[in-house]
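A.B. asks: Spelled out, the chains give:
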Amino acid sequence: MSGPNTEFDPKQVAALDAQAIESMVAEALAGIAEASNLDELKAAKTAYAGDRSPLALANREIGALPPAAKADAGKRVGQARAQVKKALEDREQILIAERDAQVLQAEAVDVTLPVQRNPIGGRHPLTTLMERMADVFISMGYDIAEGPEAEAEWANFDALNVPPDHPARTMQDTFYVESPDSGVVLRTQTSPIQIRAMLERELPIYVVAPGRVYRTDELDATHTPVFHQIEGLAVDEGLTMADLKGTLDHLATQMFGEGIVTRLRPSYFPFTEPSAEVDLECFVCRGASVGDPNNPCRTCGSEGWIEWGGCGMVNPRVLTAVGIDNQKYRGFAFGMGIERTLMFRNGVTDMRDMVEGDIRFTRAFGVDA
Amino acid sequence: MRISTSWIRDLVAVPEDQTGRDIAERLIDAGLEVETVELVGAGLDGPIVVGKVLQIEELTEFKKPIRWCQVDIGGTEPSGIICGARNFAEGDLVVVAPPGTTLPGDFTITARETYGHISNGMICSERELGLGEDHAGIIVLAPETAEPGADASKVLGAGDEVLDIAITPDRGYALSARGIAREVAIAYGLDYHDPVENPETLPGPADERAPAHCASDDLEACPLFTLRTITGIDPSIPTPQWIVNRLRDSGMRSVSLAVDITNYVMLELGQPLHAFDLDSLQGTVRAGRAQPGEKLETIDHVERELSTDDLTIRDDRGPIGLAGTMGGADTEIGDETTNIALEAAYFAPDVVARMGRRHKLTSEASRRFERGIDRTLAPIASARASELLVELAGGTYQGMTAVEAPMDERAIEIPTDLPAQVAGMDIAAATTVAKLTAVGCTVEQSDDRLSVTPPTWRPDLTDPADLVEEVVRLVGYESLPSTLPTAPAGHGLTHAQRLRRRVGTVLAARGLIEVLTYPFTSEADANALRWNDDDPRRISPRLANPLSDEQPLLRAAILPTLLTAAQRNVGRGFDDLALFELGSVFLGAAGSKAPPRPGVTQRPSDADWQALEGLLPDQPMHVAAVWTGDRTAKNWQGSGEPATWADAIATAQDIADALGVDLTVEQGADPAFHPGRCAQLMIDNAIIGHAGELHPSVIEAWGLPARACAMELDLDVLMQRAPLVHPAPDFSSHPVAKEDIALVVAENVTAAQLEQVIREGAGELLEDVTLFDVYTGDQVPEGHKSLAFALRFRAPDRTLAAEEIAAARQGAIAAAEGLGARLR
Ligand SMILES: [Zn+2]
Numbered sequence: 001m002s003g004p005n006t007e008f009d010p011k012q013v014a015a016l017d018a019q020a021i022e023s024m025v026a027e028a029l030a031g032i033a034e035a036s037n038l039d040e041l042k043a044a045k046t047a048y049a050g051d052r053s054p055l056a057l058a059n060r061e062i063g064a065l066p067p068a069a070k071a072d073a074g075k076r077v078g079q080a081r082a083q084v085k086k087a088l089e090d091r092e093q094i095l096i097a098e099r100d101a102q103v104l105q106a107e108a109v110d111v112t113l114p115v116q117r118n119p120i121g122g123r124h125p126l127t128t129l130m131e132r133m134a135d136v137f138i139s140m141g142y143d144i145a146e147g148p149e150a151e152a153e154w155a156n157f158d159a160l161n162v163p164p165d166h167p168a169r170t171m172q173d174t175f176y177v178e179s180p181d182s183g184v185v186l187r188t189q190t191s192p193i194q195i196r197a198m199l200e201r202e203l204p205i206y207v208v209a210p211g212r213v214y215r216t217d218e219l220d221a222t223h224t225p226v227f228h229q230i231e232g233l234a235v236d237e238g239l240t241m242a243d244l245k246g247t248l249d250h251l252a253t254q255m256f257g258e259g260i261v262t263r264l265r266p267s268y269f270p271f272t273e274p275s276a277e278v279d280l281e282c283f284v285c286r287g288a289s290v291g292d293p294n295n296p297c298r299t300c301g302s303e304g305w306i307e308w309g310g311c312g313m314v315n316p317r318v319l320t321a322v323g324i325d326n327q328k329y330r331g332f333a334f335g336m337g338i339e340r341t342l343m344f345r346n347g348v349t350d351m352r353d354m355v356e357g358d359i360r361f362t363r364a365f366g367v368d369a
Numbered sequence: 001m002r003i004s005t006s007w008i009r010d011l012v013a014v015p016e017d018q019t020g021r022d023i024a025e026r027l028i029d030a031g032l033e034v035e036t037v038e039l040v041g042a043g044l045d046g047p048i049v050v051g052k053v054l055q056i057e058e059l060t061e062f063k064k065p066i067r068w069c070q071v072d073i074g075g076t077e078p079s080g081i082i083c084g085a086r087n088f089a090e091g092d093l094v095v096v097a098p099p100g101t102t103l104p105g106d107f108t109i110t111a112r113e114t115y116g117h118i119s120n121g122m123i124c125s126e127r128e129l130g131l132g133e134d135h136a137g138i139i140v141l142a143p144e145t146a147e148p149g150a151d152a153s154k155v156l157g158a159g160d161e162v163l164d165i166a167i168t169p170d171r172g173y174a175l176s177a178r179g180i181a182r183e184v185a186i187a188y189g190l191d192y193h194d195p196v197e198n199p200e201t202l203p204g205p206a207d208e209r210a211p212a213h214c215a216s217d218d219l220e221a222c223p224l225f226t227l228r229t230i231t232g233i234d235p236s237i238p239t240p241q242w243i244v245n246r247l248r249d250s251g252m253r254s255v256s257l258a259v260d261i262t263n264y265v266m267l268e269l270g271q272p273l274h275a276f277d278l279d280s281l282q283g284t285v286r287a288g289r290a291q292p293g294e295k296l297e298t299i300d301h302v303e304r305e306l307s308t309d310d311l312t313i314r315d316d317r318g319p320i321g322l323a324g325t326m327g328g329a330d331t332e333i334g335d336e337t338t339n340i341a342l343e344a345a346y347f348a349p350d351v352v353a354r355m356g357r358r359h360k361l362t363s364e365a366s367r368r369f370e371r372g373i374d375r376t377l378a379p380i381a382s383a384r385a386s387e388l389l390v391e392l393a394g395g396t397y398q399g400m401t402a403v404e405a406p407m408d409e410r411a412i413e414i415p416t417d418l419p420a421q422v423a424g425m426d427i428a429a430a431t432t433v434a435k436l437t438a439v440g441c442t443v444e445q446s447d448d449r450l451s452v453t454p455p456t457w458r459p460d461l462t463d464p465a466d467l468v469e470e471v472v473r474l475v476g477y478e479s480l481p482s483t484l485p486t487a488p489a490g491h492g493l494t495h496a497q498r499l500r501r502r503v504g505t506v507l508a509a510r511g512l513i514e515v516l517t518y519p520f521t522s523e524a525d526a527n528a529l530r531w532n533d534d535d536p537r538r539i540s541p542r543l544a545n546p547l548s549d550e551q552p553l554l555r556a557a558i559l560p561t562l563l564t565a566a567q568r569n570v571g572r573g574f575d576d577l578a579l580f581e582l583g584s585v586f587l588g589a590a591g592s593k594a595p596p597r598p599g600v601t602q603r604p605s606d607a608d609w610q611a612l613e614g615l616l617p618d619q620p621m622h623v624a625a626v627w628t629g630d631r632t633a634k635n636w637q638g639s640g641e642p643a644t645w646a647d648a649i650a651t652a653q654d655i656a657d658a659l660g661v662d663l664t665v666e667q668g669a670d671p672a673f674h675p676g677r678c679a680q681l682m683i684d685n686a687i688i689g690h691a692g693e694l695h696p697s698v699i700e701a702w703g704l705p706a707r708a709c710a711m712e713l714d715l716d717v718l719m720q721r722a723p724l725v726h727p728a729p730d731f732s733s734h735p736v737a738k739e740d741i742a743l744v745v746a747e748n749v750t751a752a753q754l755e756q757v758i759r760e761g762a763g764e765l766l767e768d769v770t771l772f773d774v775y776t777g778d779q780v781p782e783g784h785k786s787l788a789f790a791l792r793f794r795a796p797d798r799t800l801a802a803e804e805i806a807a808a809r810q811g812a813i814a815a816a817e818g819l820g821a822r823l824r
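Heads up: the protein sequence lines correspond to chains A and B, in order. For the record, in the first sequence the residue sitting at position 243 is 243 according to my numbering, with numbers rising by one throughout. For the record, in the second sequence the residue sitting at position 539 is 539 according to my numbering, with numbers rising by one throughout.
The reader is advised that the hints may include incorrect statements.
[As the list claims (entries may be wrong)] Derived Cβ-Cβ restraints for the label pairs, each shown as a range:
#1 B:A802 to A:V109: 41 to 49 angstroms
#2 A:A221 to B:G492: 56 to 64 angstroms
#3 A:N346 to B:D657: 30 to 38 angstroms
#4 A:G291 to B:G571: 44 to 52 angstroms
#5 B:E700 to A:G301: 22 to 30 angstroms
#6 B:E38 to A:N295: 24 to 32 angstroms
#7 A:G347 to B:E305: 46 to 54 angstroms
#8 A:R298 to B:V255: 40 to 48 angstroms
#9 A:A221 to B:I118: 41 to 49 angstroms
#10 A:D220 to B:A42: 24 to 32 angstroms
#11 B:I118 to A:R298: 17 to 25 angstroms
Source of the hints: derived by calculation from the structure; they are not laboratory data. Note that CB positions come from ideal geometry on N, CA and C, so glycine has one too.
Just chain A, with the same shape it has in the complex (with noise of 0.2 angstroms):
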């Protein structure tokens, strides 16, 4: 009861009949349907289904019916309140719907704005090459040897068939630590760590070392006096020359694609005998620019191939440095510039960029050459 029932009429037990009971809730349902937002719905619902609605006013009617007519009027009362409550959570339903879809909406925000970001840095690409390259070895079975950069001397000239005063020592300028006769110096190449190798570990040897390593050199596009090399050795029975080309040809196609070679020609190193110079194939013009003025090619300049590293089997009187047997054992080498693949890989045009540490230079590079 939400009142007084100054209202009543006893007339309207008239409309307890089945036709006005029909038009009742033809005109709740009608009234429901136009509710065109949840505030109207809910003026709907006290319309309709409220206390003082017609089908409830009808409702409270029955009570004063004959028996006889009790029960039908009820049911007739009932499935009428019944169908417009339907009515009305339906259309409540829809009404939810609608205005949650409108919010929403509303809350929509330009999603190209540049956001507050935390953006990632980079890691350098030359450390990123020399992983990469060290990899590939990593694959075929090769550990990642390391050694010092201020190196023994020894190790980084004499037990490398470089005799004191043999003027290979001059070819590379050293930096002496403390005194020219201390016996340590900044290692000029990887290649005290092969002699580290092989003194250290069980034959067979399969190893790649790569490194940071020094020479008196003034800073300028092309040189660099601290610079990073990738050296690999393999010591083992019966090892070829073809087998050194063989595992250069493998680095040079994982490295720069399928079909890549690289090409040797007679050098020398002390520490390798016979010795190479490792050339690798043009991976952008594969030679298609050689002798074709109009589609010169700036990787290679026109020539085919690019000037990659240094090889050669082992000279057996390393092998002996460090006491191998090299009537048995054969082995190979090799060695590469970083800066120099990252140059002509990338496309970096001079060497300083990679020294100075301008953050533009790594950023582009992400975390990954």
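For chain A, the structure is supplied; the task is to place chain B with the ligand on it using the hints.
C.D. replies: Structure of chain B with the ligand alone, referenced to chain A:
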């Protein structure tokens, strides 16, 4: 070694159609690195002619003296030519570029008015013609070199090509026309006639003057010493143009006929020669070690203090030359010299090399001796030079004295198939023999072995491997197959290698950018970092020959070189930086006054190897980072967030987390850092690094933005603690109980100290504790602060009862009270 193709062609009949480039490619395939092929007179277009200077009128009214010359260039009338050079006289033969000729640099000669005359051409220098570098004056040809009007380009060798070959230390024989021509002959499969094999006969000695006498006091260092005497040369005779051209193309300047002849023969045969002024010598000329305290002024007019290890050439008065390196000034031949003692000798490579290093002196001669010359060549080369002195300089040959130790020839024994075995391809025995014979070896074959005696000019061929290289390079490296050896199963990356990569990735993911700086630093850097006098980082290895005297030390910390990289970026307009570096540092002294020098004929003993290792400084791997300016950039969502001391500490903690190591942070006191904002990073009670805000004076020293922050730690120590296996966690699914406590403590109590006692006091039920508020102000007493912690409790096996939680909370509070805390 620079050599013209015409010189090569004098010695070997290279087919006419082969250009310098063609020859170069053949040589490259054989292992001689031809760096450039240059055209003599490149850029010269049009005739150049020989002119005879008939008359010179000196024009003095201009700023510089100018000559107005009448030059006979073969026409009916002489040509009038203006010339600014002064190194010629009337009657001299010069080279004239007439109007219409284009000189290198695209400079076309025209008849034009200059200095008040119409100049009909140009009198040229070497450099103006693109022939060489000499521009000290114009070219003056020897009298009767050619008639006026003759084609001067022919006279000067223009159009010839010059190969510039980088000779590796093993191929000393290729520092001569003789050696290069041999390689060309082998490369083309042509016959080669060694110019040394048929020495011409010397004129018989005259008796007017006894030959100068020679001796060797050290037959190890100087096993062959010869001295020939030539008298009566005419010092006024100029060098014939063909010798001038050859010297010029090989990069040497014409000096005087006698000197030019010694240089010419050296370039031709590879034997350095030295001409003494005979009249300046006293007594026997001998090779011998310097005496203590001796000095020598060499011909470059440097007075050199000699070591008793120096091998000198000496006469009765003392040293007169550094053997095989440079002669002395007192006995040098000059403009008046008519009598010559010509030295030709063999000096041991290591002796010359050591002397060159000691005196920082190299010469054309020492480059050859260092690499090892032909042990038999000295008397042959000096005969050749003597003949030229007789023939061209008008001298009279007087004879030779010589001293020579016996020479040992050693055959190298190899299996015939060794080259094939090493190469990994088929090489027929006959091919092996043929290639070895071609380079000059004597080969004896028996069964499946070869006995190979290398030629005297190949001292580099000492081992079987050397012979293998000769065979394989001449067969051609391009024939090598490509095969892959099977390595045994590998181990993958080591633990440390994996961890280093991980640290790099974590730092990059944190927004830091990796740089790789040169590890060179200085005492000034150590001072700028405010390191104490007894800071162990002040002791790091010093370079004997640093790139810059201002940075002679190897770094004992990454920080100084990293700060310099930051400074450079700031200088380029980037104030917001986060840089890191992973790299070695160098701690402690290195080297020794008498370092061990194990031999190389066997594996070093363990003791020797340990002694070598003992020479080295400690070289731990460090990681360092530096921040300046904002960590996040200002944008429409708000202002930028400055990077602070907290970022530095957090980064160190992230590294430790990534490695699975517990890192403890304590209030620290590294002098490079802000005294109140420095954390020391601890593992097992040992300091492994610092993080925080840099000291203002450090920031100022490197010119960085205010409040720059940094971190550096010893990564090796961290990595040693990193677990190989991370055990799985064991965690409870029972409900959590959360309790917050706010504690008021004195300012000097650190958060870490408080947290530590809370953990201890709360007991085993404590799952986690988080500091969530720090307050100082009116609500707490002066000199105090309030720290609020969120505590999480959980039991492994049950839901906690209220009394248990209360007890644990009370335990934490009670423990904190031990630090003077009271509950707020
Ligand atoms: Zn290309």
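A.B. asks: Could you run down the list of hints and mark each one as holding or not?
C.D. replies: Hints, one by one, checked against the model:
1. B:A802 to A:V109: 41 to 49 angstroms: 46 angstroms, holds
2. A:A221 to B:G492: 56 to 64 angstroms: 38 angstroms, violated
3. A:N346 to B:D657: 30 to 38 angstroms: 32 angstroms, holds
4. A:G291 to B:G571: 44 to 52 angstroms: 46 angstroms, holds
5. B:E700 to A:G301: 22 to 30 angstroms: 47 angstroms, violated
6. B:E38 to A:N295: 24 to 32 angstroms: 26 angstroms, holds
7. A:G347 to B:E305: 46 to 54 angstroms: 52 angstroms, holds
8. A:R298 to B:V255: 40 to 48 angstroms: 44 angstroms, holds
9. A:A221 to B:I118: 41 to 49 angstroms: 47 angstroms, holds
10. A:D220 to B:A42: 24 to 32 angstroms: About 26 angstroms separates the Cβ atoms of D220 of chain A and A42 of chain B, which means 24 to 32 angstroms holds.
11. B:I118 to A:R298: 17 to 25 angstroms: 49 angstroms, violated
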